[in-house]
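Student: Sequence:
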Amino acid sequence: MKRLMFLCTGNSCRSQMAEGLARKMAGDRFEVYSAGIEAHGLNPRAVKSMNEVGIDISQHSSDTIDVELLNSVDYAITLCDDADERCPVTPQHVERLHWPFPDPAKATGTEEQIMEEFRTVRTAIEDCLATFFTETALTDDGSSE
187 MKRLMFLCTG
197 NSCRSQMAEG
207 LARKMAGDRF
217 EVYSAGIEAH
227 GLNPRAVKSM
237 NEVGIDISQH
247 SSDTIDVELL
257 NSVDYAITLC
267 DDADERCPVT
277 PQHVERLHWP
287 FPDPAKATGT
297 EEQIMEEFRT
307 VRTAIEDCLA
317 TFFTETALTD
327 DGSSE
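Numbering (the working numbering), first residue to last: 187 to 331.
Watch out, some of these pointers could steer you wrong.
[What the hints assert, rightly or not] Between beta-carbon pairs, the in silico distance windows are: (1) Arg305 - Pro277: 29 to 37 Å; (2) Asp313 - His226: 21 to 29 Å; (3) Asp252 - Leu283: 13 to 21 Å; (4) Ser258 - Glu298: 38 to 46 Å; (5) Thr296 - Asp214: 39 to 47 Å; (6) Glu312 - Asp214: 13 to 21 Å; (7) Asp249 - Gly213: 17 to 25 Å; (8) Glu281 - Asp252: 35 to 43 Å; (9) Glu302 - Leu255: 31 to 39 Å; (10) Ile300 - Met187: 19 to 27 Å; (11) Asp267 - Ile300: 27 to 35 Å.
These are calculated hints, taken from the structure and not from any lab test.
From a predicted model like this one, the values you see are computed outputs, not experimental measurements.
Glycine included, C-beta positions come from ideal geometry on N, C-alpha and C.
Go ahead and model the full structure; you've got the sequences and the hints to work with.
Tutor: Laid out in structure tokens, this is it:
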């Protein structure tokens, strides 16, 4: 089974949403983790936006990077420029990808406008994951199943 880790600054929004989406989309083909450069706690709006698509991340924890775990994954995907720049160096066997998304926690406006930003980021992550799982990572040779 392949291992995948999502990395972000605070492990509160984007990486948490990516972890939940990837677990649903990949099923038992991947072990999926997320971590942050820092641990900011799970953002309640991230939980709400994921509940809207039937994924419960309310029991996820906001964790900092475990370097030993990071060094054992097959794929490390950074979801913001800060994490991409500050992420520890990984061994050559870890394929690093960078998918920069805006931080929905920094959105301003009405509650509905803020939630719309969370939904937009969630959908963008889901689209990237669909491509990733279809084109890159479903089988050992990189072909789709």
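Student: Confirm or reject each hint.
Tutor: Hint by hint, here is what the structure shows:
Evaluation of the 29 to 37 Å hint for Arg305 and Pro277 yields a pass: the beta carbon distance comes to about 36 Å. Look at Asp313 against His226: about 25 Å separates their beta carbons, and that is inside 21 to 29 Å. Evaluation of the 13 to 21 Å hint for Asp252 and Leu283 yields a pass: the beta carbon distance comes to about 19 Å. At about 41 Å, the CB distance of Ser258 to Glu298 agrees with the hint of 38 to 46 Å.
Separated by about 40 Å at the C-beta atoms, Thr296 and Asp214 satisfy the suggested range of 39 to 47 Å. Taking 13 to 21 Å as the suggested C-beta distance range, the pair Glu312 and Asp214 conforms, at roughly 19 Å. For Asp249 and Gly213, the Cβ-Cβ distance of about 23 Å falls inside the hinted range of 17 to 25 Å, so the restraint holds. Against the hinted window of 35 to 43 Å, the Cβ-Cβ separation of Glu281 and Asp252 comes to about 18 Å, which falls outside the hint.
Evaluation of the 31 to 39 Å hint for Glu302 and Leu255 yields a pass: the beta carbon distance comes to about 34 Å. About 36 Å separates the C-beta atoms of Ile300 and Met187, a value inconsistent with the hinted range of 19 to 27 Å. Restraint check, Asp267 to Ile300: a C-beta distance of roughly 21 Å breaks the suggested window 27 to 35 Å.
When each numbered hint is compared with the structure, violations occur for hints 8, 10, 11.
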